[in-house]
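Asker: Chain by chain, the residues run as shown.
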Amino acid sequence: MIKGYPRLLLFVLVTIVLLWGLDRLLFGLTSNGALGLYQYRVFILIPLLYITLAVSLNLINGITGQFSLGHAGFFAIGAYLSAGFSKFYASQWLAGMPPSMQGVMQIVFLLIALLIGGIAAALAGLLIGAPTLRLKGDYLAIATLGFGEIIRIMFENANTFGGPRGFTDLPQWTGFGFFWYALVAVGCIAVCRNLLQSAHGLAFLSVREDEVAAESMGINTTRYKVMAFILGAAFAGIAGSLLSHYEGSIYPNGFNLDVSIMIVAMVVLGGQGSITGAVLAGAGLKMLEEALRFLPEFSLFGRTFQPLDLRYLVFALVLILTMIFRQQGLLGHREFGWKTIGIGKRSKVEANG
Amino acid sequence: MSKQKRHSFAALLSALALIVTLNGCNSGSDSGNTGSGSGTTSSSDKIVIGVYADLTGNTSTFGEETKNGVTLAVEEINAKGGVLGKQIELKIEDTRSDPIQAKNAVTKLIQVEKSTAIIGEVASKLSLAGAPVCQENGVPMITPSSTNPEVTKKGDYIFRVCFLDTFQGAVLAKFAHDNLKTTKVSILYDNSNDYSVGLAEFFKEAFTKMGGTIAGELTFKATDSDFRSQLTTIRGQNPQVVFVPGYYDKMGLIARQAREQGITVPMLGGDGWSSPDLLKGAGNALEGCFFSDHYSPDDPDPKIQEFVKKYSEKFGKTPTGLAALAYDAANVLFAAMETAKSADRKAIRDALAAVENFAGVSGNISMDENRDARKSASVLAIKGGKITFETKIEPADVQM
Amino acid sequence: MSALLELRQVKMRFGGLYAVNDLSFQIQPGELLGLIGPNGAGKTTVFNVITGVYTPTEGSVSLNGEVISKMKPYQITERGIARTFQNIRLFGALSVLENVMIGAFARHRTALAGALMRSPAVVLEDASLREQSMRLLSTFDLLSVAHARSRDLPYGLQRRLEIARALATQPKLLLLDEPAAGMNPQESEELMHLIRRLRDEMGQTVLLIEHDMKVVMGICERVLVMDYGVLIAQGAPEVIRKDPKVIEAYLGEPV
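Residue numbers (the numbering used here), protein chains in the order written: chain A, 1 to 353; chain B, 1001 to 1400; chain C, 2001 to 2255.
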């Protein structure tokens, strides 16, 4: 078996080829009408974006145990700043290039835009992480909630970015979208999984479990908390860049507290700390939200109920019932992967001395 | 949302049981896709019209009014035998005031429900999200009440049956200047709301062009509930009118607090005030204030009175401007289909572009070269605890 | 021989109360030292001061001549002091092996960035940390429960695991806070035997807090006695046992 960096490179290459193939396949299917663009959008594309958001928040909330309600803030920073770069600079540069180069350069600029989104959000993560991580539990949640709202209000007041009227006419460089959305989701999952498999990941977990004990084991808890914020924010920022480069327009209201709460709900529902859980809940909740559009009209006690009005009530009900019957979330702390089918990695040995 | 509260717990539980049992519904609608962009729709005995509106978000009364207006128009036309001999089937989707969901909704209406034409949204940013999808797929879209000029610039399949914010701003400026004889206005607008920012801007432009002065511009947020500091500043500016181009839901609070702060001059607003809930919680604080709207339910025109009567009977409340516009949007669409003598989307588009002097309840609608309706605006007054008709301002009366 | 750990006139004040007052003592390398005293004498406070949980109000703590009293707990652990807690503080949701690996992780050298890409260096280091931890588990007779969740272990094993985890950081000085608390006499004797072995076979320096004097007397060659934050006696167990001050502190209890 190949090991080390060649293995990493091989993994990256195989992923790119596979995702590109899948992208073309889906594109073909939507072109000949076998797959509806609606189904593609709401049951594949948007869930992929929320997988990235849920897995990245899971790093902060689930794995490191820092309750953050500000993920939409990082999402917004990535979306706005990357789009700003592409709209105000890159698209101008692109227009000045010979047409033969534009195809390649568009991909290069998109990659730079994603990087800008990630780095900008990571810096914000550092900025919010460093001072507020002295806070714990509810206090941290309130501080991060405030942060998320500040970011949104900031963009609401930034005329350069269109203010409340939205930042529109952005270059839509992700094209069909699947390849890039899936690449980022896979990248985010891979990084988190690598982290959790290494001893470094244990350091993050130890912070969640017991900060005092972690410190006394030589873990610089502040550093790990800030790192979790930086990493989680970076991926949320990249997700934001994807959004703005796919949709072509973004609005401050698309990054409000509802979005943060939705992502937290995904992490909690999936089982705090479980990557697989975050993936399932991230995709599942977004799909459910749309699938509920298909609720039919029905009559009860002589009154007709329109499914449209009930959509979010049912949505909330599903969340509530899940939390009543499965408090640890769908997967608890467990992961589901190839090993689960074979021999459990973390078997529950009876501990009787 | 008061609507949701009304539903009993039993209904909730059965709704949950329903999703479990109705999974099949999902797969049923996936099958048999015709590709997007096809010019004609199925030649069945029905024509599907899609509506996207905010039914669960924070402007859900807008969505409700729009839904009701279209529903009434559809019921009327179906009772008369439909359009082109076919019944109209209405499909409604929720946007939850979120552009991403607006896009989802429109995509679903076109691709899953196979709508021949689309009506929606109220909020401009949501129409702006839905319009490109309609344009790409060659589906005519009529926004009943998005007043931002950008919306119809999205393409030649996008129409609107209401006036523009530029016009509305000019109408209000003219009303303030000529009818109220004022020259000094303070503006208080919601800078988290695209509509409010736009209208404030257009008003200011028109009003200063007429020689008026803006004593000051202050802002608030849709989530605010205390406006005292802004209002204190405004009182110090000594304006003759306070222009508040916000949504109806904040007006009760703003008006009350303004009166408490000793601001006695009239307040002026746009069609965002147009809601049955405007006077709720305002006491008599809005007495003597004015706002522009697309129509007035008090207009003695028999066409309007008939609409008001039918609507009130069916939905138990007086229709607002938004309901009237939605009603008009649907009827303009039906008329265009009849003119085109076809349910072909391209033919409908061409007929829509040629609409001239369509007599709607919100006024006479003619499509200009930008596919925007040129029409009059009504100014309404709040007198004796009621909303009453004040005056009508024609496009010819204002210079833009 | 220079002292491994030295406390010089350490005072720790909480409000108006001195929990530790003018405490000075030294620990020599290889020593197995007991710190005893009645409830509330300030023993755990001394541990918290040494490990950096508290910064002393006055005085200094130094390890191998380096002043550590203003450092953060993790820095002190990096320099070679590890501890256990009076009320067990394991990483409950993690496995026994993972608990020990976190301790061993204190001596890691690879960067976090490498872990994100699963670089060869990280893979190698992980393997060696794991192997090292397994060896410790075998020393502590915990191999059979290596993959059990630490929260699910019986009390006695949890205590043992905590010591194993502390040792995994490769400390120069090991601080044990009432390791035998809550154990039955037999368990407690086994544990004392284990601690003795650590010192004898691995040369581990140990400072041990114990409320119950009998436990300490058996294994420590030197004992410190505290009462009301003050060191009232120190010396060999047999000397301590006869000290009138100590008898007074433990009034009524047979020493």
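I should point out that these hints are in silico values taken from the structure, not numbers from a laboratory. As the structure is a prediction and not an experimental result, all values here were calculated from the model. Note that CB positions come from ideal geometry on N, CA and C, so glycine has one too. Watch out, some of these pointers could steer you wrong.
[To be verified] Taking lysine-lysine and the BS3-like style, the derived pairs with C-alpha atoms no more than 30 Å apart in a straight line are: (1) B/K1280 <-> B/K1310; (2) B/K1386 <-> B/K1091; (3) C/K2011 <-> C/K2172; (4) B/K1080 <-> A/K87; (5) B/K1181 <-> B/K1386; (6) C/K2214 <-> A/K136; (7) B/K1174 <-> B/K1346; (8) B/K1303 <-> B/K1221; (9) B/K1080 <-> B/K1346; (10) A/K87 <-> B/K1154; (11) B/K1280 <-> B/K1209; (12) B/K1392 <-> A/K87; (13) B/K1341 <-> B/K1080; (14) B/K1303 <-> B/K1184; (15) A/K136 <-> C/K2070.
[What the hints assert, rightly or not] Not everything, but these chain A residues come out facing chain C in the computed CB check (under 8 Å): (16) V14; (17) V17; (18) N220.
Asker: Hint by hint, note whether the structure agrees.
Answerer: Here is what the structure says about each hint:
For the suggested pair B/K1280 and B/K1310, the alpha carbons sit about 24 Å apart, so the restraint of at most 30 Å is met. The hinted pair formed by B/K1386 and B/K1091 fails the criterion: a straight-line CA distance of about 34 Å is larger than 30 Å. Restraint check for C/K2011 and C/K2172: satisfied, since their Cα atoms lie roughly 24 Å apart, inside the 30 Å limit. Simply put, B/K1080 and A/K87 have alpha-carbon atoms about 51 Å apart, too far for the 30 Å limit, and the pair is violated.
A C-alpha spacing of about 23 Å is found between B/K1181 and B/K1386, which places the hinted pair at or below 30 Å, so the restraint holds. Simply put, C/K2214 and A/K136 have alpha-carbon atoms about 41 Å apart, too far for the 30 Å limit, and the pair is violated. This hinted pair does not check out: B/K1174 and B/K1346 have alpha carbons roughly 39 Å apart, beyond 30 Å. Under the criterion of a C-alpha separation no larger than 30 Å, the hint pairing B/K1303 with B/K1221 is inconsistent with the structure, at around 39 Å.
A threshold of 30 Å between alpha carbons decides the hint, and for B/K1080 with B/K1346 the separation of about 25 Å falls inside it, so the pair holds. Between A/K87 and B/K1154, the direct Cα distance comes to roughly 18 Å. Compliance with the 30 Å bound is thereby established for this hinted pair. The hinted pair formed by B/K1280 and B/K1209 fails the criterion: a straight-line CA distance of about 35 Å is larger than 30 Å. Between the alpha carbons of B/K1392 and A/K87 the distance comes to roughly 43 Å, so the proposed pair goes past 30 Å and is violated.
At most 30 Å may separate the alpha-carbon atoms for a hinted pair to count; B/K1341 and B/K1080 meet this at roughly 17 Å. Annotation: proposed proximity of B/K1303 to B/K1184 is violated, straight-line Cα distance about 38 Å (limit 30 Å). For the proposed pair A/K136 and C/K2070, the alpha carbon gap of about 23 Å is at most 30 Å, so the pair holds. The beta carbon of A/V14 is not positioned within 8 Å of any beta carbon in chain C (closest approach about 15 Å), and the interface hint is therefore violated.
At its closest, the beta carbon of A/V17 sits 19 Å from a beta carbon of chain C; the interface hint therefore is violated under the 8 Å criterion. Hint on A/N220 holds. Least Cβ distance to chain C is approximately 5 Å, under the 8 Å limit.
Going through the hint list in order, the structure does not satisfy hints 2, 4, 6, 7, 8, 11, 12, 14, 16 and 17.
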